[in-house]
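Asks: The task is to assemble the complex, starting from two chains supplied on their own in separate frames and drawing on the hints.
These protein sequences, in sequence, are chains A and B.
So that you can map any letter, position 34 of the first sequence is 34 in the numbering used here, and since no number is skipped, the others follow by simple counting.
One rule links them: number in the numbering used here = place in the second sequence (from 1) + 1000.
Quick caveat, the hints were computed from the structure, so don't treat them as lab data.
Just so you know, even glycine gets a beta-carbon here, dropped at the ideal spot from N, CA and C.
A hint or two may mislead.
Said to hold, decoys possible - Chain A is nowhere near these chain B residues, computed Cβ spacing over 12 Å in every case:
id, residue
1, 1026
2, 1044
3, 1046
4, 1050
5, 1058
6, 1086
7, 1133
8, 1172
9, 1241
10, 1259
11, 1271
12, 1274
13, 1285
As the list claims (entries may be wrong) - Derived coverage of chain A by chain B (criterion: at least 3 residues anywhere in the stretch with Cβ under 8 Å from a Cβ of chain B; other residues may be distant):
id, stretch
14, 31–42
15, 52–63
16, 70–76
17, 80–88
18, 109–115
As the list claims (entries may be wrong) - Which residues of chain B face chain A? A partial, calculated answer using Cβ under 8 Å:
id, residue
19, 1038
20, 1039
21, 1045
22, 1054
23, 1085
24, 1093
25, 1108
26, 1116
27, 1158
28, 1161
29, 1169
30, 1175
31, 1178
32, 1210
33, 1281
34, 1282
Listed here are the chains, written in short residue letters.
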Amino acid sequence: MDAFGGRALRRIGVCAMSLVGFQTMLARMTAQPDFVAAVRSDPALLEREPALSPVERQRLAEIAGSRGMEANCMLYRANRLAPLALNCPDTLEQLGEALEGLLSAFWADEPETHVNFLIETDRFCRWLDARGDPPVGLAREHALVAARLTETRRLAGQSAWPMSGAMCCAAVP
Amino acid sequence: MSRPKVGFLWNPAGPEVMAELGHFVDFVEVVPDRLWYDFGTGVEPRFFHASAMIEMLRALDRPIRGHGIGLSLPSAMPLDPDVLDQMVAAAHWLRFEAFSEHLSMFLVPGASVPNAQAGIGLPVLHDEETLAIVVEKVRVLRDQMGIPIAMENGTIFTAMPQPPMSEPAFLNRLHDLCGANTLLDLHNLHANCVNLGWDAEEWLTELDPWTVTEIHIAGGDWLHGHYTDSHSNRSPPEVRTLLERWAPRFPRLEAITFEYHESYHPRIGIAGLAEEFEWMHSVAARCVESESVR
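Next comes chain B alone, as it looks inside the complex (with noise of 0.2 Å):
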C-alpha cells in the first residue's frame, strides 16, 4: 500500500494556505458545483464560471480530486445532462484523479422546475430502488469522466424508520454492483452518533475495508441542542480516535482530506490548520507501518 496523501478542501482561503503550509498539502479536493454560477434549467446559456479561480487551480501544482453535490445521484429523478456535462469537462479539465458525490438527497424530484433543491442533504432509503438508481448514475459518471468514483455517507437528523438496509451495507453493495468507492466521511458519522445514538464501531465494522479509497475529517457546532456537520472547527477528538484507530486498515486508502469553510478560516487559523495537516501525516505515516499487521 502506497501512503495515504493529506489534502484540504479547496475554498477561498486556498491560496493563502497553499502560500503558507504548501508543503503539508500533497493534493487539493474542489467542489465543481463552485466553479460556476448556475442559472438553472431553460436558461441559456446557463452557466457562469468562476475562470480565475479555474485557471488558478489549473496552475497548481498539486492532484485535485473532485467532490460534487449538484448531481444528487440518489433523487429518484434522472441526472441533470448539462450539470452533468459542467462536471465531466471539470474532471477532464482539470484533471481530477478521482470523483466523490454524497449519498444525501439535494434535488427534490416531482418539483414544478427540474433543478430544485431540497434545501439540505435529506436522508435516504437504503433499499432495492434506491440502490438500482445510484448504481445506473454512478456507471454514467465513471464512464463519461473516466476515473474512480466513490460515494460518502450521510450526515442526518432523521433516520429513516424500518430501513431495509444499513448505510454501510448500502455502500458495500454499490461497490459491489458497479465499484463505487466509499468516502468515508468520519466526521458524519460522528454527527450521526451524537444526534441518533449509532455507534461508530458497529458501523465501521460493517463497512467492507476494501471499498475505503477516501476519509474526511472536519470540525462542527452545535446548535440549538444538535451537532452540525458545519465544517467549522477542526476534527474534535472522538473523530481524531476514529481516523487513528481506523485508518490502517483500509488497504486501499488514498487521501485524507480536511474539510472546513472558508467563514471559519479566522477561527480555524494557519497554526491550527498546520497542526491539523501534521497530525493527518502522523496518521498516514501509521497506515504504512501497520501494513504488516492487516
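Okay, chain A solo, but in the shape it has when bound (with noise of 0.2 Å):
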C-alpha cells in the first residue's frame, strides 16, 4: 500500500487516524441531515468520537451549523437519486409522494455509494423489490438493469489499452 500513500500516512501515524475520523465524520454528516440536525442541537454528540480531536470537534460542530450544510446534504441525495433517476424513471414516477420516505430508508439501509450507476440502480430495485407490493414499471425496469449489467460484467476484462506499463505500480513495496 506504501506507494499508493500509505508512507505519508504511516509518517503522519497518530495524527492521519484523527484526519481519518475527521473526514469520515464529514461524509457521514453530509449524507445523514438527521445527523446533522442532531449535532446543531446538541455539540456534544461529537465529544462521543474518541477518534477526532478537540479542534476537529470544534470545526464539524460549526460545519454542521452552517448554511452550506443544507447544500452539501440537498447535492448529496440529488447525486445518489442521479442513477435512479436515469435507469428507472417511470418506477420513481410511479412512487409519487412515497419516493422520498423510500429513498431515505434506502440510503440509511445502504449507507455506501455505489460508484457504478447500474449496480447502485440494481441495489435499489432489488430492495424497493423486497419490500413487497413494488411499482407496477419496477420489474420491466430492473429487467433493463439488469441485462446492461450482465452485458457489461460479459465484456468486462477486455481491456482497450494496454496494462502492462501501468501494473508497474504494484512492483513498488
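Replies: Structure follows, in C-alpha cells:
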C-alpha cells in the first residue's frame, strides 16, 4: 500500500487516524441530514467520537451549523438520486409522494454509494422489490438494468488499452 | 510564453462539437473515469471499458489532457491501486500531455468498502497532514504517468473553520514541495465567492502566478439559494472578468478549458459554444500580447 500514499499516512501516524475520523464524520454529516440536525442542537454529540481531536470537533460543529451544510446534504441526495432517475424513471414516477421516504430508508440501509450507476440502481431495485408491493414499472426497468449489468460484466476485462506499463505500480513495496 | 490553447471538457456531445466547431478547438480534456464502468474493489474483472469512445478519442487529431475525479488525493487513505493503474494506462494510451485531479474529497476513508463515495466533493482541511498526503500521491502520479500533474481548487458550500492555511497558500506549498501545478478553476472560485463571501481578487493575489498552467471556466445554476458549479451554462460575467484580468498574469499558462455537462448541450447550443470559444481565443491572444508587460 505504501506506493499509493501509505508512506505519508504512516509517517503522519496517530494524527492521520484523527484525520480519518474527521473526514469520515464530515462524510457522515453530508449523507445524514438527521445527524446534522442532532449535532446542531447538541454539539456535545461529537465528544462521543474518540477519533476526533478537540479542534476537529469544533470544526465539525461549526460546519454542521453553517448554511452551506444544507447544500451539501441536498447535493448528496441529488447525486445519489441521479443513477436511479436515469435508469428507472418510471418506477420513481410511480412511487409519487412515497419516493422521498423510501429513498431515505434505502440510503439508511445502503449508506455507501456505489460508483457504478448500474450496480447502484440494481441495489435499489432489489431493495424495493424485497419490500413487497412494488410499482408496476419496477420489473421492466429492473430487467433492463440487470441485462445491461450482465452485458457489461460479460465484456469486463477486455481492456481497451495495454496495462503492462501501468501495473509497475504494484511492484513497489 | 506560447499562446495558451483553447479547448473543452469532452462529453458525449464532443463529436458534434468537433464536427461543427473543430476549428476553434486546440485540445480536448478527458475525464478518464468516464471511460470505464467500475464494478468495485474485490470484483474480478473489475473494469468495463467504453472502447468505442476510447478509440474515437485516440483517433482525434488533437492533444488530450486528463482530468481525473476518482483518485481523491486529499482523502486520508492510500490510492486505489486498480484505479491508479487505469488512470496511468489511459494517460499512456491516449497520450495525455498533462493530468489534473481535484483538491476535494470524493472518497470516504474508514468505510466498510475501500472506494466508498462521498457523494459530492467535500471540503478539505488545508493543513500539514493533508499536504503530506497529497504530495506523496502527486509524486506517485507524476512518476507513473511521466507528465506534469496539476491540482484544481475546489468548489465548496461549507468553509473549513480555523484553517491552518488558505487554499492558495496550500496550492503554493504543493508546488514548492512536489512541483504540482495549479489548475485554476475560476468558476469554482466564483461560486465560493458567491456562497461564502470570499474575495476573488484577494484569493488570486495570494496564489503564486508561476504555479498556474491551466484555467477552467464554466457556468452554474442556483439551487434553493445556493450557487452551484453545475456546468450548466456559459460562463457568467464575473468569471469572464476574472479570466480577462488574470489569465495574462500567469506566465506558464498552457490551456483554457470550457467545462459543460452534456445534458445542457441543447441549452448552451452550438452558437453559444462558438461565442464562448471565440472569446476564449481572444483572451489567449491577449496573454501573448501582454507578455512584454509581465
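Asks: Looking at the structure, which of the earlier hints fail to hold?
Replies: Structure breaks hints 2, 3, 4, 5, 6, 7, 14, 17, 29, 30, 31, 32, 33, 34.
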